[in-house]
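> Listed below are the residues making up each chain.
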Amino acid sequence: GQQVMQIPQYQHVQEGEDFTTYCNSSTTLSNIQWYKQRPGGHPVFLIQLVKSGEVKKQKRLTFQFGEAKKNSSLHITATQTTDVGTYFCAGSPGYALNFGKGTSLLVTP
Amino acid sequence: KAGVTQTPRYLIKTRGQQVTLSCSPISGHRSVSWYQQTPGQGLQFLFEYFSETQRNKGNFPGRFSGRQFSNSRSEMNVSTLELGDSALYLCASNYGGGTDTQYFGPGTRLTVL
Numbered sequence: 368g369q370q371v372m373q374i375p376q377y378q379h380v381q382e383g384e385d386f387t388t389y390c391n392s393s394t395t396l397s398n399i400q401w402y403k404q405r406p407g408g409h410p411v412f413l414i415q416l417v418k419s420g421e422v423k424k425q426k427r428l429t430f431q432f433g434e435a436k437k438n439s440s441l442h443i444t445a446t447q448t449t450d451v452g453t454y455f456c457a458g459s460p461g462y463a464l465n466f467g468k469g470t471s472l473l474v475t476p
Numbered sequence: 626k627a628g629v630t631q632t633p634r635y636l637i638k639t640r641g642q643q644v645t646l647s648c649s650p651i652s653g654h655r656s657v658s659w660y661q662q663t664p665g666q667g668l669q670f671l672f673e674y675f676s677e678t679q680r681n682k683g684n685f686p687g688r689f690s691g692r693q694f695s696n697s698r699s700e701m702n703v704s705t706l707e708l709g710d711s712a713l714y715l716c717a718s719n720y721g722g723g724t725d726t727q728y729f730g731p732g733t734r735l736t737v738l
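Top to bottom, those sequences are chains Y and W. Numbering follows my numbering, in which position 66 of the first sequence is assigned residue number 433; successive positions increment by one, without gaps. Numbering follows my numbering, in which position 102 of the second sequence is assigned residue number 727; successive positions increment by one, without gaps.
These are calculated hints, taken from the structure and not from any lab test. Do not take every clue at face value.
Unchecked claim - DSS-like cross-link-like pairs, simulated, lysine-lysine; straight-line CA separation at most 27 Å:
1. W:682 to Y:403
2. Y:468 to W:682
3. Y:437 to Y:418
One chain only, chain W, in its complex shape:
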């Protein structure tokens, strides 16, 4: 099976702009979770989607949003970008969500100038 794919792999944006990141899970996986990884904070959970519904949400401002489509593909959007949003954004998929093993994609490296 193909692994989790994320596009684009790299992005450079300026403050105030918005960005949309895409994640395609492993075939058959219905849960997609998003994480922000920064050197100082490690892996921080953003949200999880299962069957097109947001099931869990981390402690991030409303500028961070997401959605999931009927084919389980997911998008994450960040509006009004701030310098502190520069990070590696990882998505992970699994069958049942929750505490199941996470299969991570390669990530999108976002740089905000």
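One chain only, chain Y, in its complex shape:
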């Protein structure tokens, strides 16, 4: 079945460094969503991308959807300790969401 692969699995950065997580699908996606789960919490919706090549920004977070609609990335500029958590992408070929396994980000001050 359709899978959404996410890398890296873990990332440890110093506060102020940048961070990027990548999401890849074996099939074309109708849209891609990103969620953040804080330690001990539940996933919370961040953003949805629909158009080929789309780029959206939320303060220090930049989300991209690939031209072929098979990959996506989330980039955080100048990480802060509040960015700690696991970031999931979720893609859909059209009928259900498939979540990646997530990238766990640890930020040390």
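Guided by the hints, dock chain W onto chain Y, whose structure is given.
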């Protein structure tokens, strides 16, 4: 609006027992999806219910079942529990289901001894 609520928040069961988890969606949401989250496998889709009908199903054994009531509340049942069923079970709701944004509840932490 109140968020998605799940009960109970924590459960401890022994192998062979069965368990029922409950989820109340956000008011007005008609779709409820269930996910199993484990450290090694991430978020795995169990099933989705919309207007009391199961619309999508993930790749889980028949021991995992669910239902949805006319008020959109949903229950998930796991029979003949195995050690590997220990996980955080999350439910999520939205208006139309499918690929719409998922609003997650806090989850039920199930431990099977």
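> Check each numbered hint from earlier against the structure, then list the numbers of those it violates in ascending order.
none
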